[in-house]
Amino acid sequence: MIVCRCEEITEEEILKAIAEGCDSVTWVKRKTRAGMGLCQGRTCGRLVARMIAQETGQDISQVLPDTHRPPVRPIPLDILEEKGEK
Amino acid sequence: MTSLRADVVIVGAGMSGLSSAYELAKAGVDVLVVERGFLTMEQSGRNPGGIRQIGRDIDELPLMIAAMQRWHGLEEELGCSIELEKDGYLWVALNEDELELQRGLAERDAPYGIEEFILGRDEVREMAPAISDFIYGALYCPTDVIANPLLVAKGYFDRARRYGARFLFNTEVVDLRLDGDRVRGVVTDQGEITTDVVINAAGPWSDRIGRMVGIDIPLTPCPNQFILTEPMPPILPPFLLISSIAVCRQPARGHVYIGNTNAPGGISGYSKATDYGEMVRTTTNILKIVPAFRGLNIIRTWVGTIDFTPDDNFIFGHVEQVEGLLLACGFSGHGFALTPIIGQLMCELIVEGETSLPVDAFRLSRFEEGIVEKATHFAHQHVDAT
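Protein chains in written order, with our numbering: chain A, 35 to 120; chain B, 205 to 590.
Because the hints were derived from the structure by calculation, they are not lab data.
Built from N, CA and C at the ideal position, the CB exists for glycine as well.
Please note that the accuracy of each hint is not assured.
Unchecked claim - Taking beta-carbon pairs under 7 Å as the criterion, some of the chain A residues facing chain B (in silico): (1) L49; (2) A53; (3) D57; (4) R64; (5) L98; (6) P99; (7) H102; (8) R103; (9) P105; (10) V106; (11) I109; (12) P110; (13) D112.
Stated by the list, open to error - Think about it this way: if two alpha-carbon atoms lie no more than 20 Å apart in a straight line, the pair counts; the simulated SDA-like pairs of lysine to any residue are: (14) B/K492 <-> A/E116; (15) A/K117 <-> B/N501; (16) B/K290 <-> B/P441; (17) B/K476 <-> A/H102; (18) B/K492 <-> B/M331; (19) A/K117 <-> B/M331; (20) B/K476 <-> B/F242; (21) B/K476 <-> A/T101; (22) A/K50 <-> B/K476; (23) A/K50 <-> A/R67.
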């Protein structure tokens, strides 16, 4: 079953990473790529956190989420382009 | 924390700390890594994974060549993928002066057996058609590589632990214990650790560790910002360097990484906030050189902190004033590529008392001796793209 749709990361891959000691959303991401795709974990981040909580016996409120970085939504690169005479 | 002791305590779980922990543990040394945050949470996990031989300082070159040999065997050694991609480095020149500088470097490096080629504009565009005629030429090194720093870190960490290395995360070093001028321990916010040897591998925060024992380590922290796009079919195999403007790579997966170059004199400090002006500058310049990236969506930006020294070379080895304190810091933006050799040399220095390659040029005392010269490699070549 796919948990991270953007990067096509399966439940099995994430469980394996947790079993190898990845006990935060960031570490699962770094190991498996879950949350590195177009939506930046906005869909799978909570699912991964819940899986970590279940597997490690932590309360879900104790599982560290991934860091959020700009942009909030994908934006085209050329929006930032300075178009001038140069 | 109950009372701990270790033969060697490493401050910092970045690349140099991790590879030192791995090599020392493998050699049978009892080693404990103390990390304020988590595995490779700073620049070691925020850099683009470039591993280049071109544009190196002459003193660093033999170390880099040895490191490159280790990189090629590292997946086997660590028993995991590090996504090593062997598509070379392309350092584009924007004018004749820059190409002339590159020509000089290629000639300088030839006796070391490094394949480096000077390419004209047409040759560059033949090799990488995505690159525009904005460029003048390039220095190309086909044997340079890239790797995924996150997988490298996890690989070193897993192996180091298997060999018995211990790690304390979320634990900050607040002081070093001395007996006269000799290291006797490390004080953390979680308790004390007894040890006779401390490796300061705390990246841009290494100067703070130094100050705890009155050692001045001259570092300037500078933000290094990255833009990551959605994937597109690969059009830029080699790692692209543009002096003073940007670095850019597109691994096989297709995402495009665009990083700014920033050195002392530009923006400094520890801020991790995305800087809009830097995004505009970097994007504007990269789109002149690779127009086909226009229209790609940015999905993430991030910032790491590079620890620049006054001469852009790293600091390595014993500290004269404090027995038992060793340094591996100030990597000035080229530490990732040196990862395998730094651990190896650190282990040699501690276990055998000497290193198999010369490291004297990297001693801390060079800054006091007043023999520091600005490096001639690419980071300080200022070329205006506009």
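Q. Tell me, which hint numbers fail for this structure?
A. 1, 2, 3, 5, 6, 7, 10, 19 and 22
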